[in-house]
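Trainee: Residues per chain, in single letters:
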Amino acid sequence: MTVLESTRRQFIRSAAMTAAASVLQGRPATPADPPKPPGGLELPVLPGVKWDKAPCRFCGTGCHVQVGVKDGKVVAVSGDRQAEVNKGLLCVKGYHVGHILYGPERLTTPMLRKNGKLEPITWDEAIEVIAKRIAVAPQKFAFYGSGQWTIPEGYAANKFMKGGLSNNHIDPNARLCMASAVTGYISTYGVDEPYNCYDDLDQCDVLILWGNNFAEMHPVLFSRFIDRKLKGDKITLIDLTTRHTRTSERADHVLVFQPQSDLSIANCIAQQVIAANAVATDFVDKHCTFRKPWKKPGDPQTLMGEPCSFDEYKQFVAEYTPEAVAKTSGLSVEQLQLLGKLFADRSKKIASLWCMGPNQHTQGTAMNNLIHAVHLLSGHWGRPGDGPQSLTGQPSACGTVREVGTLSHALPGDLRVDKPDQAAKAEKLWHLPPGRINPKVGYHTVQMWEKFCTASDQGGDIDTMWVQVTNPGQSLPNVHKLFDAKAKLPNKFLIVSDVYPTATTELADLVLPSAMWVEKNGVFGNSERRTHQWFKMVNPPGEARDDCWQTIAVARKLFDLGFPGMKDADGKFLFHMTDAKGQEVPVWKWENYYGTVNVDEKLFEEYRPFTQIKHKDVAPYPELVKARGLRWPVVKQPDGTWKETRYRFLEEYDPYVAKGKGVQFYHSVAGDDKAFIWFRPYVPPPEVPDKDYPLWLDTGRVLEHWHTGTMTRRVPQLKRAMPSAYVEVAREDAAALGVKTGDKVRLETRRGSLELTAWIDGRGKCPKGHVFVPFFDETKLINRLTLEAHCPFSKEPDYKKCAVRLVKVSA
Amino acid sequence: MHTSGLVITLSDDPPQAAAALRELAASGSITFGEVRGPFRAAVLEATGPKAAHDWHDRAAAVPGVVGVEVVFVHWDVAEQEVTHDGP
Ligand code: SF4
Chain F
29 MTVLESTRRQ FIRSAAMTAA ASVLQGRPAT PADPPKPPGG LELPVLPGVK WDKAPCRFCG
89 TGCHVQVGVK DGKVVAVSGD RQAEVNKGLL CVKGYHVGHI LYGPERLTTP MLRKNGKLEP
149 ITWDEAIEVI AKRIAVAPQK FAFYGSGQWT IPEGYAANKF MKGGLSNNHI DPNARLCMAS
209 AVTGYISTYG VDEPYNCYDD LDQCDVLILW GNNFAEMHPV LFSRFIDRKL KGDKITLIDL
269 TTRHTRTSER ADHVLVFQPQ SDLSIANCIA QQVIAANAVA TDFVDKHCTF RKPWKKPGDP
329 QTLMGEPCSF DEYKQFVAEY TPEAVAKTSG LSVEQLQLLG KLFADRSKKI ASLWCMGPNQ
389 HTQGTAMNNL IHAVHLLSGH WGRPGDGPQS LTGQPSACGT VREVGTLSHA LPGDLRVDKP
449 DQAAKAEKLW HLPPGRINPK VGYHTVQMWE KFCTASDQGG DIDTMWVQVT NPGQSLPNVH
509 KLFDAKAKLP NKFLIVSDVY PTATTELADL VLPSAMWVEK NGVFGNSERR THQWFKMVNP
569 PGEARDDCWQ TIAVARKLFD LGFPGMKDAD GKFLFHMTDA KGQEVPVWKW ENYYGTVNVD
629 EKLFEEYRPF TQIKHKDVAP YPELVKARGL RWPVVKQPDG TWKETRYRFL EEYDPYVAKG
689 KGVQFYHSVA GDDKAFIWFR PYVPPPEVPD KDYPLWLDTG RVLEHWHTGT MTRRVPQLKR
749 AMPSAYVEVA REDAAALGVK TGDKVRLETR RGSLELTAWI DGRGKCPKGH VFVPFFDETK
809 LINRLTLEAH CPFSKEPDYK KCAVRLVKVS A
Chain A
34 MHTSGLVITL SDDPPQAAAA LRELAASGSI TFGEVRGPFR AAVLEATGPK AAHDWHDRAA
94 AVPGVVGVEV VFVHWDVAEQ EVTHDGP
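Residue numbers (the working numbering), protein chains in the order written: chain F, 29 to 839; chain A, 34 to 120.
The following block holds chain F by itself, in its conformation from the complex (with noise of 0.2 Å):
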């Protein structure tokens, strides 16, 4: 090593030491040594490395990374210290995100399929072969995203869509994640979107995830929580699961439910509640009215459901007994009643944590009411730390889904397309002639990929269909019904955006190179409200551009072919922008791109108003550039400054709440300020295992990949660490069928089979009766087996749950 070298390793060495200590001085150590104001905020200094801040890549944490730049490329990363969120830590995928731009992989040019063959084109090809489908038939094009996109990119497509088009088929896989969430809030609370945020885990008592693996799903929350008790705060984690999970070595009290008990087990809890008298009558009589989902029991359940007294919603939970549930939960009568004796206990701070467990299930929007009912009804709401929140997996499924409206339904700023008065609104902010929106809600997922996957003249009337940033491939429920099926179909045509080939590229009739993360502009929104930007720093490779540049490059094309739809109420393009000076810049040119103005700004301040109508004001983009990220609303101060809000609907904290009011839910669906507090009975999950298919299947993630593994299996270390899907089987149902570790098994379903490991007791622990299998490997595709029944009110499918049958194929 020459002597250079040398100095050069201790250069880096030194800076990895001072940021490890750094964090260390931020970190609790015992409760009479309290976190440190964390030490050295300064970026570790390399030479020649260029920092810069941005949000991690991956998951709806949000936490923050700064990316070390050198030469052009990404060559190292540190947990952001001044990030509220992370605090300078990350976890694996965190730690590894930069490696994610540099797969040999990667798309570096357009390719049209020419006789079954994908073969490079020019940009302008690629824009004209799309502009063209879509001008033919703009009605039979629909556009398929994500929680990733950017919220530019995803407020660029909604526009072009719905203003541009006057259709609504456009949806994202959030539906797939996250649209129970949505359904729930909006019919509790009249809005959408968690009140609280990420600080409940520094002030919680007891931490309860229903049906939500944590520690590896967000694992640095996880930390966030588990210090605590490491210094030695007297906290309770309850974990609620249908099976043992890396969560639940951490965990006080493991509570193994059946699927679907979970609506049981909350009623159960709203029970014991009533009968030991600890109804929060102050809170509930001034701030809560009870719902039931129907007219009377029979009746289908509607998603806004009817009032009820009281007395009425006693009656009902009475049946919810310890006694009678514990018959069908799976939990015994001392489970359920810990958990009931924890929500009669007003003393003691309780934050519900869940993500995928309530929301993927066919009667996901009513557990979300359930868990915000228990905790409104029992008064654990409102303090810090004590109430409920869901969580997302996708970096900005709340940032470009729920609050851009990337669905079917909806409208930037929470309006909705078949309400009048709010599309002409939007139509207002747009300045589009009236009329122009489209009243008709657009499918959702399913129905769309549906509509795609059936012939034309059976009534298949999406012929045309662009997905930017996801791997409907690979995602999408019985993915042989709603995506192979395309294959047979030849006058559809599938485009996609991405960044490394996939499962849906497989069968693209174009596929367009993106550019990804820090090689791009971009916004996020995570899981707390919280808004962060970051700035383009290096070059994509070869051709690849933006996925926002790619939609106004066919919205102009569509201009340029006289398509009306591409103009403003004065005759401009849908996405005229003009520089400091005036002048129009022809962003739609790659060339002009990143050139006099930032179309990231232009696209989030048009935005911006939106965001007011229901007070979740964003902050200007000058103040994200700022920050780390800041929650919504954001409200000037008389100074000058803006100010993030940590709880919404608490005098305290929000200035949206009238002076003297204390809690004001100033959405409420009934206009009277109060939010509802929800009956909604059992129901059945429309596939339990039968003599056929004697067990259950639960599908999910892992902690190494993340989401459909496109990116993640590109970095060796997870790949290698994780390399392939396996099926996770209990001891006892592995002796019965005389399967060992390593045995090759095939899963059956009434839709599909493969085959897979077996792996009994693996990284997580099956009960008996119940096999796992994660989704992130797009070689063994177990959403093949899966079910497409959905949620009647959010339409999200329900992954963890349907019949199988095992079979041991070798040994």
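Take these hints with a grain of salt, some might be off.
Unchecked claim - Here are a few chain F residues that sit away from chain A, every Cβ distance over 12 Å (derived from the structure):
(1) Asp-108
(2) Pro-650
(3) Glu-651
To be verified - Listed below are the simulated SDA-like cross-link pairs for lysine to any residue, each with C-alpha atoms no more than 25 Å apart in a straight line:
(4) F/Lys-796 with F/Pro-820
(5) F/Lys-262 with A/Val-110
(6) F/Lys-257 with A/Leu-54
(7) F/Lys-262 with A/Asp-46
The hints are simulated quantities; they were obtained by calculation from the structure and are not laboratory data. All values derive from a computational prediction rather than experimental measurement. For glycine and all other residues, C-beta sits at the position ideal for the given N, C-alpha and C.
Let chain F serve as the given structure and place chain A with the ligand on it in line with the hints.
Mentor: Structure of chain A with the ligand alone, referenced to chain F:
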């Protein structure tokens, strides 16, 4: 070379924590820094990401190690280009 800044969380049982530290130190490529309660700052130098990840796997499994978290990582561009294979 692949250099990681880590925070290692050790058990609150002092003999177990001490034994864990000895075992981690014996793995060679680790340098320990500041201590705060159950937390230790550390730097891991490995020949490449694969070796670093192997070390992580082993360290996380050592009795007395509660967790290993990553706060910083630096890698050489050449190494990144040759080691990132496809799926
Ligand atoms: S917890 Fe999520 S956001 Fe944080 S580092 Fe890990 S993957 Fe990234």
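Trainee: It remains to establish, for every hint, whether it holds in the given structure.
Mentor: Hint by hint, here is what the structure shows:
no.: 1; hint: Asp-108; in the structure: violated, 10 Å
no.: 2; hint: Pro-650; in the structure: holds, 29 Å
no.: 3; hint: Glu-651; in the structure: holds, 27 Å
no.: 4; hint: F/Lys-796 with F/Pro-820; in the structure: violated, 30 Å
no.: 5; hint: F/Lys-262 with A/Val-110; in the structure: violated, 46 Å
no.: 6; hint: F/Lys-257 with A/Leu-54; in the structure: holds, 21 Å
no.: 7; hint: F/Lys-262 with A/Asp-46; in the structure: holds, 17 Å
Consistency note: the structure conflicts with the earlier hints numbered 1, 4 and 5.
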